[in-house]
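Asker: Since the structure of chain E is provided, determine the placement of chains H and G on it from the hints.
Here's the letter readout for the chains.
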Amino acid sequence: MSVEVAREVVLEPTIFEEGREGRRGYALPPLDVPEIDLEEVLGPGFLREAPPSLPDLSEPEVVRHFTRLAEMNHHVDRAIYPLGSCTMKYNPKINEEAAALEGFAGLHPETDARDCQGAIALMHGLARMLAEISGMDAVSLEPPAGASGELAGMLIARAYHRDRGRPRSKVIVPDSAHGTNPASLTLAGYEAVEIASGPDGRIDVDALAATVDDEVAAVMLTNPNTLGVYESRVREIIDVVHGAGALVYLDGANLNASLGVVRPGDVGFDLMHYNLHKTFSSPHGGGGPGSGPVGVKAFLADYLPWPMPARDETESRGYEYYFDYDRPKSIGKVHGWFGNFLVAVKAYTYILRLGPDGLRRVAENAVLNANYLQEKLKDDYELPYAGRCQHEFVLSATRQKEKGVRALDVAKRLLDYGAHAPTIYFPLIVKEALMIEPTETESKASLDRFVEAMRAIARECETAPDLVLGAPTTTPVGRLDEVRAAKDLDVCWERS
Amino acid sequence: MAEAGLKFTKSHEWIRVEGGDAVVGLTDYAQGELGDIVFIEQPEKGKDIASGDVLTTVESVKSVSEIFAPVSGEVVDANAALDDDPSLINSDPYGQGWIAKIRLRDKSEIDGTMTAEEYEELTKG
Amino acid sequence: MPYVPNTDRDRDEMLASIGVASVDELFPGVPADVRFRGVLDVPGPLSEIEVDRHVRSLAGRNKTARDTLSFLGAGVYAHAVPSVVRHVTSMPQFSTAYTPYQAEASQGTLQSIYEFQTLVARLTGLEVANASLYDGASAVAEAALLAIGATRRGRIVVASTVSPQVRAVLSTYLSALDVEIIEAPAEDGLTAIPGFDRLCEGAAAVIVQHPNFFGLLEPVGEVVHAAKAAGGLSIASVDPIALAVLKSPADYGVDVAVGEGQSLGSPPGFGGPLLGFMATTRKHLRRLPGRIIGATTDARGRRGYVMTLQTREQHIRREKATSNICTNQALVALAAAVYLSLLGREGLRELAVQIVSKSHYAASALARVEGVKLRFGGPFFREFVLELPVSATVAKEELSRAGIWPGVSCGCYYDGMENCLLVSVTERHTKDDVDTLASALEAVIVERRGS
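Chains as they are written, first to last, in my numbering: chain E, 1 to 496; chain H, 1 to 125; chain G, 1 to 451.
Possibly wrong hints are sitting among the right ones.
[What the hints assert, rightly or not] Using 30 Å as the maximum straight-line C-alpha spacing, the simulated DSSO-like pairs for lysine-lysine come out as follows:
1. E:K403 with H:K47
2. H:K62 with E:K403
3. H:K62 with E:K378
4. E:K444 with E:K376
5. H:K10 with H:K124
6. G:K373 with H:K45
7. E:K378 with E:K401
8. E:K487 with H:K107
9. H:K45 with E:K431
10. E:K431 with H:K62
11. E:K93 with H:K62
12. E:K170 with H:K62
13. G:K373 with H:K62
14. E:K170 with E:K329
15. E:K487 with E:K401
16. G:K247 with G:K283
17. E:K170 with E:K403
18. H:K47 with G:K228
19. E:K431 with H:K124
20. H:K47 with E:K401
21. G:K283 with E:K487
22. E:K401 with H:K45
23. E:K401 with H:K101
24. E:K378 with E:K403
25. H:K101 with G:K320
26. G:K320 with G:K228
27. E:K378 with E:K431
28. G:K373 with G:K396
29. G:K320 with H:K62
30. E:K487 with H:K45
31. G:K320 with E:K431
32. E:K487 with G:K320
33. H:K101 with G:K283
34. E:K170 with E:K378
35. H:K47 with H:K124
36. G:K431 with E:K170
37. H:K45 with G:K431
38. H:K47 with G:K283
39. E:K487 with E:K431
40. H:K45 with G:K283
Don't read these hints as lab results, they were simulated from the structure. Predicted model, so just to flag it, every value in this text is computed and none were measured.
So here's chain E without its partners, still in its complex pose (with noise of 0.2 Å):
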C-alpha cells in the first residue's frame, strides 16, 4: 500500500507519521503505590516542559508498520548473499532458542558470581574452544565487535611494547586491509604504514622486508586475505616482521577458510580477533550485534581486558567460576561489561552443533563452494586473480566497464534476479571488485543459480545495457539518489 505526499510516494510511512494522539501499544499495571508529584520531589528545574514527542501507536499498527518494513528486506534465510569478507553463512536457529533462556537473556552482569556458574563456564568454555581452533592460548570475549577486537588488539601490542622499553609507532598494513584496520590502529596512537600488494595480490615481501624497522609495532594481516587467496609466504612475512621484534596480528574475518585445516597459532601469529558474527553463525542483525573476541599467545595473555572468565577447580571461593578482576597489566575495559554475551551463547551452541569434524567440513565445503563459483564466472567477468582461491574470490567487472556498465550496476541487477550483491568496490586494489563469498551453507543448486543470474547479467551488459543500468527495478524502490542524501541530510523525521 502507498500513500501519495505531495510529489513523493511513500511505501511505509514513518511511525511519526502513523498513529493519532491518544493511541497507546502497551499498557502498565496500575500504579500501587502513592503516585510521586514530580514538580515536588524532584523540583520544576529538572523538569521538561512538554514531553518528547513519540509516536502514539496501538499494539495492532506497531506490528502492521514493522511487518511490512521486515518485508522490504533482503535476508539470509530467503536467498544467497555473497557478501565477500561478511560470510553471512544460514544462522542456525537453535542459537537463538538459547539466547532466548531466562538463565541467559535474563540475567544481570551484577550478578553475584556464585549465582551465575552457568554464564561464566560457558564463556570460560567458549573462549577456550576459539584458543583451541586458532591455536592461541587466551582468549577475551570483551570486544563488541571485530572492529573492536582490532583495538584491543593493538593496544595489547602497545602495552607490550611499552614493556619492553617504548610502545613503537607504527603498524604495517596491506593496501588490501579492511578500513577498520588503519582505523583501530590509528586510535591505538599508531601511523598506518601502506605497503602495496604484488602483481598476485599477495603480500610484496620484500617490499615488507625493506619497511619493517623498529619503529614497526605490527603488521596487521588478513589471512585468507580481501581478495580470497591464501598468503603462502605467510612463515616468511612472519619470521621477517618477528625479526625486527614486531607482532604479526590476524584480522580473523576471513577465518571460515581455516577452521580444522589451518590455526594462525601453528602458523606463527601472535594475536588475532574473531568474528562470531560472521565464521560463528552467529545473526547480523542489520548491522549488529556482533561480537569480536580477542585472542593472544601466552605472553600477551596478562594484556587482555578486564575480568576474565577463570576456573578454580578447587572451589576455594565455594565456586568453580569467577571472574578475575586482578589482571594489573590489561589493557583495561573495550565495553562495560563482558561484551555481547549473548552473541555468545549463539556461536557456543554452533561450535557444539558441529564438532572439530564440523568445523573442518565448514571450511572444506566454503573454500569449495567459491572455487566453484569461480570456475564458473571465469569466463563471463575479468579474474584479476588466477590462482586457487579460498572461501572468497574477487571479480572485475572491467569487461563491462567497456560497455559502459560498472561493478555497481551488475549489484543493481543481481536483486533483480534476487540474490542479494557480493561486496563491491573492495578490496580497493581491483577495479570494478565484486567480491563473492557464498559460504558453506548454500547448496550447489542455489550456486547454479546465482551463476546463472551472474550470466544472465553479463549477456544483459553486452546485449540490452539498459537493463542493467536501469535496476534494480523488482525492488520496493529504485536506485536511491545518495547525492541527494548527502545534500539535504535528512537524517531525522520533522513534521513538515
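Answerer: This is chains H and G only, laid out in the frame that chain E set:
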C-alpha cells in the same frame, strides 16, 4: 578541457594569478573523476600554507579527496558560495567553483607548474 | 553434517568442474608443515536435543529476577520487555539481514534505523543522531574523541559520579592518545561545582552523567556553563526513560548527548548486547562516528533511505575516519524503536512516573528501617543509595539466603562506601516487593546488631 591562461598541477589543481594572489581550484578532469561533490571543508582563512600542503578536503558520496596547495603563502580568501552549493565545483570548476585565494609568497613557484597544453597531455594518458 | 547442504555427490560434481580430485587440493597455499591434521579438542557434534539439554543446564545454574527478588541496576536494568519487541526482533528479515550496503534491498533495516535516529533526537532534543554504538560506555568514549577532534585539545574532564564501567572504557579508548583525563570530585554524591570552572580550563570536553551512578540528578546546567566558558564541548550521558520527564540535554545546551539504551526493550543479557546512542547538533554532524541513515528518493520519486555521510567512516576514510566502528547494534536499535513506538508519548511518561513513584516509595520505606538512611540528599530518578549500619556485602549475603538481591555494593567502586547499597527500582517491582525487601533488611540488621 583545460582552460588556456591558467596554470596546472599534477594533482589536478588550477591556478589563476591575479596580481600578488593565486586563485586556486579543481580542474574539470578532477571534478569528473570525483563525481557529484557534496561537501567541501572551507580552507582556513589567514592560514599560512606551503606548496604541497593539504589545503582542504572535498567529498563526493563515496570518496574524499585532498586538495593540495599548489603555491606557498597565506590563504586570504575562501569561496563561501561552496558552503551552500558545492556542486559549483562540478558545474563551473574554473569560474564560480573556485576554492581559495592564496597571497603568493614566492612568485617563482608558478614557473614550476604546467601549462594548459602540458596538463591536457597528462590527462589524456 | 549440520547446515551444509552439499552431499558427497554434489561435492564430486563440483570438484570435477573445478578439475581437482579432492578438497585437499583446494588448499595449496597452506604450508604443509602447519596444515592441521589432528582433531580439534572441542566438544561435539551434539544433536539439537543434546545441545538443548546442555545449555539448559548451564542456564539453570544462573539466577535472574524471575527466581530472585532483585534490585540490581547500575546501568543495566530488568525492565519489562513487551512481547511485540521480541516478536519483531526475531523476524529473520531483520535478524538475518546484514549491513544495508544495497539500500534498495534493505529498506526495512534502513527505515527502522532512521526512525531510531529520530526517536533519539526527540528524546534528547538534539538535531541529529547516529545509527547506534556498542553501548553507553563506548558512546561516552566516542563522544570524547569527537570533542578532541573538534577542539584539537588534549584534556577531558569527567565527573567521578559517572559510572565506573563507563570511566574504565573511556580511559582505555584514550589510553594510547596524548590525552589527559581529569576526574572531577563529587560532594554529597553530585559533581562539586565550586572550583569546577578552573578544572575545565583547556578541556576538549566535560562529561557528566544524568542521572549519575548514584541515581542522582546532576547540576547539568552548571556543568555545561563551565564547559562553554572553557571553550570545550559538554557531553551528557543520559537515561532514555528518564528523558520522558527530565529536561532534555538540548534544553541545557549540551553539545553531545550519549547514553545506554538497553532499558528500551532489551533484556539485561548478562551485560550484552547493549545499545549506545549519540545525538548532537548539526554543527558536529560530520564528526559523528558510526553509521547515519538519511532519507532520499529514487528516480520515480519514491521515498527511500540510504547510509549517508559514509565519507566519515572507516571503509572510506580508513585511518582518518571519525571512528573505527563498522558493525554496531542495529537489531538492538530496532528493539528500542519498537519499544518506544509501543509506549508512545503517554506511555513513556507514565513509565517514568511509575518508576519515580516506586523508587521514592522504596527509598522512604527502607530509610524507615532502624539504622538505615539515605546516603545522599539530592533528588533521584530510578536508583538511590542506602547507607547501612553493616557492610553492604554482609547484608547482601544474608538477604541472598532469603532470595533477595537488595542492590549493588558501592564499596567495590568508591572508597569509603563499604556500607552503601545502590538500590534500583523499576516498574516491575510491586509495593509488596518493596515491603518484603524492607522487612527482610530490617531482620538482617536486627540480627547483626544483636550479635
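Asker: If a hint holds in the structure, say so; if it does not, say that too.
Answerer: For each hint, the structure was consulted:
Proximity of K403 (chain E) to K47 (chain H) is assessed by CA-CA distance (about 47 Å); at most 30 Å being required, the pair is judged violated. For the given pair, K62 (chain H) sits about 23 Å from K403 (chain E) by alpha-carbon distance, which is consistent with the 30 Å threshold. With a CA separation close to 28 Å, the supplied pair K62 (chain H) and K378 (chain E) stays within the 30 Å bound. Annotation: proposed proximity of K444 (chain E) to K376 (chain E) holds, straight-line Cα distance about 12 Å (limit 30 Å).
This hinted pair checks out: K10 (chain H) and K124 (chain H) have alpha carbons roughly 13 Å apart, not beyond 30 Å. Restraint check: the Cα-Cα separation between K373 (chain G) and K45 (chain H) comes to about 60 Å, which exceeds 30 Å; the hinted pair is violated. Between K378 (chain E) and K401 (chain E), the direct Cα distance comes to roughly 16 Å. Compliance with the 30 Å bound is thereby established for this hinted pair. Between the alpha carbons of K487 (chain E) and K107 (chain H) the distance comes to roughly 38 Å, so the proposed pair goes past 30 Å and is violated.
Distance restraint check for K45 (chain H) and K431 (chain E): the Cα-Cα separation of roughly 38 Å exceeds the 30 Å cut-off, and the hinted pair is therefore not satisfied. Distance check on the hinted pair: K431 (chain E) and K62 (chain H) sit about 15 Å apart at the alpha-carbon level, within 30 Å; holds. Only pairs whose Cα atoms come within 30 Å are accepted, and K93 (chain E) paired with K62 (chain H) is rejected, the gap being roughly 36 Å. Between K170 (chain E) and K62 (chain H) the alpha-carbon distance is near 27 Å, which keeps this suggested pair within the 30 Å criterion.
With a CA separation close to 59 Å, the supplied pair K373 (chain G) and K62 (chain H) exceeds the 30 Å bound. Annotation: proposed proximity of K170 (chain E) to K329 (chain E) holds, straight-line Cα distance about 22 Å (limit 30 Å). Straight-line distance between C-alpha atoms of K487 (chain E) and K401 (chain E) comes to about 28 Å, which keeps the hinted pair within the 30 Å bound. A threshold of 30 Å between alpha carbons decides the hint, and for K247 (chain G) with K283 (chain G) the separation of about 22 Å falls inside it, so the pair holds.
A C-alpha spacing of about 43 Å is found between K170 (chain E) and K403 (chain E), which places the hinted pair above 30 Å, so the restraint is violated. A threshold of 30 Å between alpha carbons decides the hint, and for K47 (chain H) with K228 (chain G) the separation of about 25 Å falls inside it, so the pair holds. For the hint pairing K431 (chain E) with K124 (chain H), the CA-to-CA distance comes to about 19 Å; that is within 30 Å, so the pair holds. Restraint check for K47 (chain H) and K401 (chain E): not satisfied, since their Cα atoms lie roughly 43 Å apart, outside the 30 Å limit.
For the given pair, K283 (chain G) sits about 15 Å from K487 (chain E) by alpha-carbon distance, which is consistent with the 30 Å threshold. Only pairs whose Cα atoms come within 30 Å are accepted, and K401 (chain E) paired with K45 (chain H) is rejected, the gap being roughly 42 Å. Distance restraint check for K401 (chain E) and K101 (chain H): the Cα-Cα separation of roughly 39 Å exceeds the 30 Å cut-off, and the hinted pair is therefore not satisfied. Our distance criterion of 30 Å between C-alpha atoms is met by K378 (chain E) and K403 (chain E), whose separation comes to about 18 Å.
The suggested pairing of K101 (chain H) with K320 (chain G) holds, with an alpha-carbon distance near 26 Å, which does not exceed 30 Å. Of the supplied pair hints, the one linking K320 (chain G) and K228 (chain G) holds, its CA atoms being roughly 27 Å apart against a limit of 30 Å. Proximity of K378 (chain E) to K431 (chain E) is assessed by CA-CA distance (about 16 Å); at most 30 Å being required, the pair is judged to hold. Distance restraint check for K373 (chain G) and K396 (chain G): the Cα-Cα separation of roughly 16 Å lies within the 30 Å cut-off, and the hinted pair is therefore satisfied.
Note on K320 (chain G) and K62 (chain H): the hinted pairing holds, with a Cα-Cα distance of about 15 Å set against a maximum of 30 Å. In summary, the hint linking K487 (chain E) to K45 (chain H) is supported, as the alpha carbons are separated by about 24 Å, within the 30 Å threshold. Among the hinted pairs, K320 (chain G) with K431 (chain E) is consistent with the structure: their alpha-carbon atoms are about 22 Å apart, no more than 30 Å. For the suggested pair K487 (chain E) and K320 (chain G), the alpha carbons sit about 21 Å apart, so the restraint of at most 30 Å is met.
Restraint check for K101 (chain H) and K283 (chain G): satisfied, since their Cα atoms lie roughly 25 Å apart, inside the 30 Å limit. Restraint check: the Cα-Cα separation between K170 (chain E) and K378 (chain E) comes to about 39 Å, which exceeds 30 Å; the hinted pair is violated. Restraint check for K47 (chain H) and K124 (chain H): not satisfied, since their Cα atoms lie roughly 34 Å apart, outside the 30 Å limit. A distance of roughly 60 Å separates the Cα atoms of K431 (chain G) and K170 (chain E); the hinted pair therefore is violated under the 30 Å criterion.
At most 30 Å may separate the alpha-carbon atoms for a hinted pair to count; K45 (chain H) and K431 (chain G) exceed this at roughly 65 Å. Simply put, K47 (chain H) and K283 (chain G) have alpha-carbon atoms about 22 Å apart, close enough for the 30 Å limit, and the pair holds. For the given pair, K487 (chain E) sits about 27 Å from K431 (chain E) by alpha-carbon distance, which is consistent with the 30 Å threshold. For the hint pairing K45 (chain H) with K283 (chain G), the CA-to-CA distance comes to about 19 Å; that is within 30 Å, so the pair holds.
In the structure shown, a violation is registered for the earlier hints numbered 1, 6, 8, 9, 11, 13, 17, 20, 22, 23, 34, 35, 36 and 37, in ascending order.
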